[in-house]
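Residue numbers (the working numbering), protein chains in the order written: chain A, 1 to 113; chain B, 114 to 226.
There could be a bad hint or two in this list.
[To be verified] List of simulated lysine-lysine pairs, BS3-like, C-alpha gap at most 25 Å:
#1 Lys42(A) with Lys126(B)
#2 Lys100(A) with Lys170(B)
#3 Lys170(B) with Lys2(A)
[As the list claims (entries may be wrong)] Computed from the model, here is a short list of chain A residues facing chain B with C-beta under 10 Å:
#4 Met34
#5 Glu45
#6 Lys70
[To be verified] Examples of chain A residues lying across from chain B (beta carbon under 7 Å, computed):
#7 Gly43
#8 Pro44
#9 Gly54
#10 Lys56
#11 Arg95
#12 Lys100
#13 Arg108
To be clear, the hints were calculated from the coordinates, so they are not data collected in a lab.
Ideal Cβ positions, reconstructed from N, Cα and C, are used throughout, including at glycine.
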Amino acid sequence: QKEVEQDPGPLSVPEGAIVSLNCTYSNSAFQYFMWYRQYSRKGPELLMYTYSSGNKEDGRFTAQVDKSSKYISLFIRDSQPSDSATYLCAMSAVRRGAQKLVFGQGTRLTINP
Amino acid sequence: KAGVTQTPRYLIKTRGQQVTLSCSPISGHRSVSWYQQTPGQGLQFLFEYFSETQRNKGNFPGRFSGRQFSNSRSEMNVSTLELGDSALYLCASSLPGIEDTQYFGPGTRLTVL
Numbered sequence: 001q002k003e004v005e006q007d008p009g010p011l012s013v014p015e016g017a018i019v020s021l022n023c024t025y026s027n028s029a030f031q032y033f034m035w036y037r038q039y040s041r042k043g044p045e046l047l048m049y050t051y052s053s054g055n056k057e058d059g060r061f062t063a064q065v066d067k068s069s070k071y072i073s074l075f076i077r078d079s080q081p082s083d084s085a086t087y088l089c090a091m092s093a094v095r096r097g098a099q100k101l102v103f104g105q106g107t108r109l110t111i112n113p
Numbered sequence: 114k115a116g117v118t119q120t121p122r123y124l125i126k127t128r129g130q131q132v133t134l135s136c137s138p139i140s141g142h143r144s145v146s147w148y149q150q151t152p153g154q155g156l157q158f159l160f161e162y163f164s165e166t167q168r169n170k171g172n173f174p175g176r177f178s179g180r181q182f183s184n185s186r187s188e189m190n191v192s193t194l195e196l197g198d199s200a201l202y203l204c205a206s207s208l209p210g211i212e213d214t215q216y217f218g219p220g221t222r223l224t225v226l
């Protein structure tokens, strides 16, 4: 079983819809949770960063972490065609020092105009 | 500020050959991590370097190696290439003290024939 599970999709929704992307994990040591967005032929770019449980909002994006359920989510409101990309969740047990981010498989999202 | 740069962007090799990939981190970033991305396995951690020392290593065979230079630039080497090594190889750099926030380069697409 993988440490981080993410539905690879693909997920296709109409423009303006609310998108929900999710990951589950098994390692209770994870404290730092990230969402990366990767456009075709590009490297991943950091979209959202959350520490421990709770919500964080940034414009149309909201990240939620539920450590008790080992479940994290990313919500995209008023989705735009430019949001079409692969979304990867990533997790880490520590913030400083030697790093090994553990990524989900990535969910391919398409927003249809 | 310039982002993470990787060279070359595309590479075609044959089985049994070796390859060296290069990564220049963002100025001031001292930690460099390498990842392999494939459709089947997703993003997998290879190794991380800081101040010319390997601090962390993923579960890859010894054919995969790396190094970091005094200017933080890093190289990774794969010897005796196999067909399964075909992948996008991503390099990421981070600032001292917040190594979990990683900035990715565009990657090197390696094809092994």
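Here's how the hints hold up against the structure:
Between Lys42(A) and Lys126(B) the alpha-carbon distance is near 21 Å, which keeps this suggested pair within the 25 Å criterion. Of the pairs offered as hints, the one joining Lys100(A) and Lys170(B) holds, with about 8 Å between alpha carbons and a cut-off of 25 Å not exceeded. The hinted pair formed by Lys170(B) and Lys2(A) meets the criterion: a straight-line CA distance of about 18 Å does not exceed 25 Å. The beta carbon of Met34(A) is positioned within 10 Å of a beta carbon in chain B (closest approach about 7 Å), and the interface hint is therefore held.
At a threshold of 10 Å, the smallest CB-CB gap from Glu45(A) to chain B is about 7 Å, leaving the interface hint in force. A hinted interface residue such as Lys70(A) counts as satisfied when its beta carbon comes closer than 10 Å to some beta carbon of chain B; here the least separation is about 18 Å, so the hint is violated. Restraint check, Gly43(A) versus chain B: the minimum CB separation of about 3 Å is within 7 Å; hint holds. Taken as an interface hint, Pro44(A) checks out: its beta carbon lies about 5 Å from the nearest beta carbon of chain B, inside 7 Å.
The criterion of a C-beta within 7 Å of any C-beta in chain B is not met by Gly54(A), whose closest approach is roughly 17 Å, and the hint is violated. Contact between Lys56(A) and chain B, as hinted, is not supported at the beta carbon level, the nearest pair being about 14 Å apart and thus beyond 7 Å. A least Cβ separation of about 5 Å between Arg95(A) and chain B falls short of the 7 Å threshold, and the interface hint therefore holds. Restraint check, Lys100(A) versus chain B: the minimum CB separation of about 5 Å is within 7 Å; hint holds.
For Arg108(A), the interface hint is violated, since its Cβ never comes within 7 Å of a Cβ in chain B; the closest pair sits about 10 Å apart.
The structure does not agree with the numbered hints 6, 9, 10 and 13 stated previously, though it agrees with the rest.
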